[in-house]
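Assembly of the complex is requested from the two constituent chains, each provided in isolation within its own frame, with the hints serving as guidance.
Sequences listed follow chains C and U, in order. Here full-length UniProt numbering is used: position 527 in the first sequence is 527, and no number is missing along the way. Here full-length UniProt numbering is used: position 146 in the second sequence is 146, and no number is missing along the way.
Keep in mind that the hints were calculated from the coordinates and are not lab data. None of the values given here were measured: they were computed from a predicted structure. Take these hints with a grain of salt, some might be off.
Facing chain C, according to a computed beta carbon distance under 7 Å, are these residues of chain U, among others [unchecked claim]: (1) H7; (2) T82; (3) T86; (4) R92; (5) T116.
Simulated restraints, written as ranges between beta carbons of each label pair [claimed, not checked]: (6) U:I24 to C:A43: 49 to 55 Å; (7) U:A30 to C:L46: 58 to 64 Å; (8) U:I24 to C:L281: 50 to 56 Å; (9) U:V103 to C:D433: 54 to 60 Å; (10) C:P276 to U:S66: 41 to 47 Å; (11) C:L377 to U:A21: 42 to 48 Å; (12) U:G101 to C:R478: 38 to 44 Å.
Glycine included, each C-beta is placed from N, C-alpha and C at the ideal position.
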Amino acid sequence: MKLAPQSIPYRALQKAAGVAVVLFFVVNDGGWGFPVAAGAGLAALLVAGAYEVAYYRRFEYELTENTLDIRSGVISRREREIPYRRIQNVDVSRSVIQRAIGVAAVDLETAGGSSTEGSIRFVTPAEATRLQREVQRRKSADSAAGGSDASGESTGPVEEDLFAISPRELALVGALSFDGRLIGLLAFAGSGSIPVVSGYLPDVSALALSAVAVAAAGALFLVSWAIGAAVSFSNYYGFRLSRAGDELRYERGLFRRYSGSIPTEKVQTLTVSDNPAKRALGYATLSIETAGYAPGQGGEYGSEAAVPIARVGRVYDLAREVESFGEPSFRRPPRRIRWRYAFRYALLLAVLVGVAFAVDWYLAAGIPWYASAALLLAVPPAAHLKWKHRGYWLGEDHLVTRNGFWSRSVRVVPYYRIQTVIDSRSVFQRRWDVATVVADTAGTSSLTGSDAAAVDFDVEEVEELQSTLGDRLQEALRDRRSGGSFEWLEGGRETGAEGAEDDVEDAGDAAGSLDGDAGREVPDEEAVRPDFSASNRDYSEPAERVDTGEYAVDRFPSDADVANRPDGEEGSTDAVDGGDGHDDADGGDAAKEGDGDPDDSGETGVDDDPAR
Amino acid sequence: MTAQRLHPRVRVVWVLRAVLAAAILAAPVAGAHYLGYAPRWAPVVAGAVLLALGVVHALLRYRRWSYEIREDALYLDRGVITQVRTTVPLVRIQHVDSRRGPVERGVGLASCVVYTAGSRGADVRIPGLTPDGASDLREELKRLAIRADGEDAV
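Just chain U, same shape as in the assembly (with noise of 0.2 Å):
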């Protein structure tokens, strides 16, 4: 399998998230403004400045995710301010799971988890899956994991 994309809409997703996110950091601006220790167009530009910043990294989040099941590992390729590339070994699944979150079902996504005993990378989420493709990437990697035959997975 070579390596695979995520869907282009959750990129919705990610930008609505930076829009909340901004939202909630410049309130302790928009406050100060209220009380009047800041003039008036400070919550506006830091409200401005953080919205782009949310977006240009969820943009880049985008590009930047790959994924991949190779014959005996899974492989993550994520990260914008810090790159990290996670191998998961099929062995060590624990359990799998396909989710979807409210805005995830606002635009038609789901996404895959996939446990490992580890303590760091315990975790692992794939985000930007249609529906099906969440649940069946889930069946794909229980068969996987059913293969690999994790005898003594801790």
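Looking at chain C on its own, in the form it has when it is part of the complex (with noise of 0.2 Å):
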């Protein structure tokens, strides 16, 4: 399909636009007159608009059965495709222009690469609507395994509202939205007129100039948060998030619309954030977090499935919605931690007295620079709030962690989706036994380090939760096979619970099995399962070295036409690496037969394949 032929001059004129206005200027300042400077910007844009119609003649795409398929770019030329199960996210933004001469943008999300992957620019917002339905529609005929779902054929699953945002709720997202990072813009920004200002009044008092600094800081500190507010306030104008299916959609934008699908099951983590004014009034912030964004993607307000604001209790409901976690109840660090944080604290301050100390020295000013150790009064309290404020919970399907007093967050973690889990030991928490756990997803926001850990624990208990998340994702990912369809084999072939997980074990089987010689002999109940124990090779030593005269040869080719290889050949290999590669090229074959009938099993062997 083809793009909307508006976008042809849509994206000359954003292209080209600067250019050909700089282009403008410049010829026309530099004494050539207005024709030559008209003609100059003109050729720009007739430039771009070459390009953007053969940009437009060359992008297609098209919904295949299992692929979007993307043929695009007029110099370089790109053919994509993009399975749609591995579709993360699918948003549609539409700026105040382009809702005027009616396109939109379709960004498609997958958890690889660096930038957007699937970028169609721009469509008509019926066309993207309908892409957006599509893949969705064609994702779940596709996991679940060619089963006919006639039913959503063209109308999809019904939408059911999950939140919308109340004016009030906007109101206060827009109100407790400030930024910081504005002050210091702003600050920056507005220093420049200082010099300019000051000539003008040279001789006032130091207390006019102290207080017009004052006013100065009052208004730079108002100014930036109406600027936070009115953004957010244009951010989140209007959000609904509603739920079809197994997806989760969101619309949000005063001038920029935005809207996107989520699937459900990708989500990785969840997290709900407040601060103290939050917490004191009620609300908290609830986002949902895929794979799908390349860093910084999402911009300051992180991923784009946000809920801004909302009860708290309104939240957890959501949240359940997504990810039913239950109701944690969090288990806090040790309590000697609290000293930790308390010497941690009084040495900041003791430093901070130092530098004040430092500057009076230096300036002789005066200064009362004692005066910060009042703050040592707050170090017990910060201490105990930020031991109060940690904590974490295994949850049945979840791991749930929870950390800071000033921005708190809780994070949701389902332990499918785990990807490391890393134990580390500071120097200092060596001093206090403790350590912490992070189990890191796939997800984005922990990229500014903000993972689910479990910080400063025991540091028994800290290896005790590290196995216990391990083994946790090992039953996870055994629960998720044995329940859904079995995939690997080709065309998603259903195999019964016991199927799956006789598979698992008789791998484990095997591997404690290999030590004698049984390891070698087929198994009288089964096919013959492949060996997939570790070795015990050390691989900081040579590796036995295989004449294999002047060719290089993979020992376990992964792809080889194992049915046909020799059984002579079998036979050295197994003489080298004690029986390798004869049981991999077995399970190579157990898998390719793919008949996965849990009842018939009993008897396969490679022969039986043409009988059926």
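Below, the structure is given as structure tokens:
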């Protein structure tokens, strides 16, 4: 399918308008006269237009059975196929101008790559919505293993509203979204005007000057607050979150309308965050992370699907809609750890006092440098609060962690989503006999170092937690496999729960029995299972050499046509590597055979295949 | 598989790296001396102290480093100042590299890098392997990852 035709002039203007204007002024200033300048500007526009026409003609996308194909590129051409199952989010955005001329930008995100993988600019809004729905429909049809899902043929599942922002909440979002960075920016921009201003008031008293400074600081604060409020107001205007089948949909934005979809099965982490102000008012923020967005792409608002603000109870209800994690009851770090925080803060304070003293001594200004020592009183409560707001909880299917007082975040990580588990102990932590466990997921905001972490727990507890997380992940994987269809067999044939479990156990058995000769024998009841046990080889030592003459030989070819492998060859490899090659080969067979019916698998062998 | 240690020669790589780091960090001090801001002994002392720290760190690092392939995960234990133990479930392995940098080639070693989709421990490097060992480890991890079958790795 093609892009919307009106995208040609829009794209051309978008790209070349700036260049054309600059060219116009440069040429005009260069004394070439108006006609030449206008010509130069026009030429730039024409070039851009021609390019865009070519782009339009080249750009084609197509929804095939399993993939979304995009063919594009004028100078270097690219054909890209994105399997539906790998698509994480589909986002549609329309700025004011785009709305006026009736186009929309569609972005498809997968977990790979560093930028948006499928970017379709621009199609008509109706087509954008159709793409969004169609991708979802085909994806769910895909994962239903070819089951003909006739019910959602064209209409799709019914949309059910989860959350719509009320004017009151929108006002709160604006009021509570104070961005400290804006102050810095404005102060920097404003500092340029100080010499200018001071030129006009040469003879005023210090009092008046400091009054002006205070007023300026106040104004700065107010302005940055107003800007922050305006930005988040326009961002979250008309926010709506709904659920359609296995997908979440959101819509938001005043000037630029965003809408998007997130499959619930792709959710990596849920984060409920709040700060003291929100806590006092009983509100919180929810954000939903998928692996789709490239770092920094979501902008400062992080993942696109965040409930900006809602009552705490509401937020947890919504979160449970996505991941039913129950009622967490957090375990806190040991109490003694409060001393660690107290020491840390006291040290910081000492440094602060030292700096104040140094400034005083250097300027000889008589600043009451010791005044900051009064903050010492705040150290014990601060340490206590820090300790109080830490914790973790192991739910049935989720790890929930909590950290931070000023901006507290509660993270919910399904065990199934854990990528790696990291246990780290800094020098200082070792002094206190504590450690940190981080459960890393493929989400994005974790790049800023805010993973789900259980910080400062006893070493023994941490070790246990680490192994528990590993075990729960394996369990979750097993559940998934036996629950859903068994998709690594081509076409996703259904294996019963027992079949899948057997598989796992058998691999374990093979590992256990490898030491003896038993591993060499074909198990009587089952097809020959691959041997996947880890070898005892020490990889820092040179490998045993196999003389293959002049050729490099892959001893474990994963794609070998094993059925036709001569027996003699099998024997010779076995002699060297202790059976890996043999069993691996048969494993390939078992998979290829792909029967998967638990009843039949009893007498399967390679030879059975043609009989069916 | 029991916990594996790195090849002893990896210390050479790390010590060389420490020498380089010490040289780079001592360079500004030497510059200060050249411009007359620092006494003659300052760059020498700075370099020596940095070098000693770097070498001790490299040796301790070697003593600390170990890895292990267990039934369902790859375990790494490393770190001198902050001790880190990483568990990489085999299901989560996306791809595996074996690679050899110029210094590693010089001392006849190689390393193996395991990638996951995670954000923090996204790539885990196992240094100090023989070239054959590295490619065998790569193959082994590949095999184990295929077995573990990360159907939906993300």
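Hint by hint, here is what the structure shows:
With a least beta-carbon distance of about 4 Å to chain C, the hint placing H7 of chain U at the interface is held under the 7 Å criterion. This hint holds: T82 of chain U has a C-beta 4 Å from the nearest C-beta of chain C, less than the 7 Å allowed. The criterion of a C-beta within 7 Å of any C-beta in chain C is met by T86 of chain U, whose closest approach is roughly 5 Å, and the hint holds. The restraint placing R92 of chain U at the interface with chain C holds, with a minimum CB-CB distance near 5 Å, inside the 7 Å limit.
Below 7 Å, beta-carbon pairs count as interface contacts, and T116 of chain U has one with chain C at about 5 Å; its hint therefore holds. At about 51 Å, the CB distance of I24 of chain U to A43 of chain C agrees with the hint of 49 to 55 Å. Against the hinted window of 58 to 64 Å, the Cβ-Cβ separation of A30 of chain U and L46 of chain C comes to about 59 Å, which satisfies the hint. Evaluation of the 50 to 56 Å hint for I24 of chain U and L281 of chain C yields a pass: the beta carbon distance comes to about 52 Å.
At roughly 37 Å, the beta carbons of V103 of chain U and D433 of chain C sit outside the given window of 54 to 60 Å. For P276 of chain C paired with S66 of chain U, a C-beta distance near 44 Å keeps the hint of 41 to 47 Å intact. Between L377 of chain C and A21 of chain U the C-beta distance comes to about 43 Å, which sits within the given range of 42 to 48 Å. In this structure the supplied range 38 to 44 Å holds for G101 of chain U paired with R478 of chain C, their Cβ-Cβ distance being about 39 Å.
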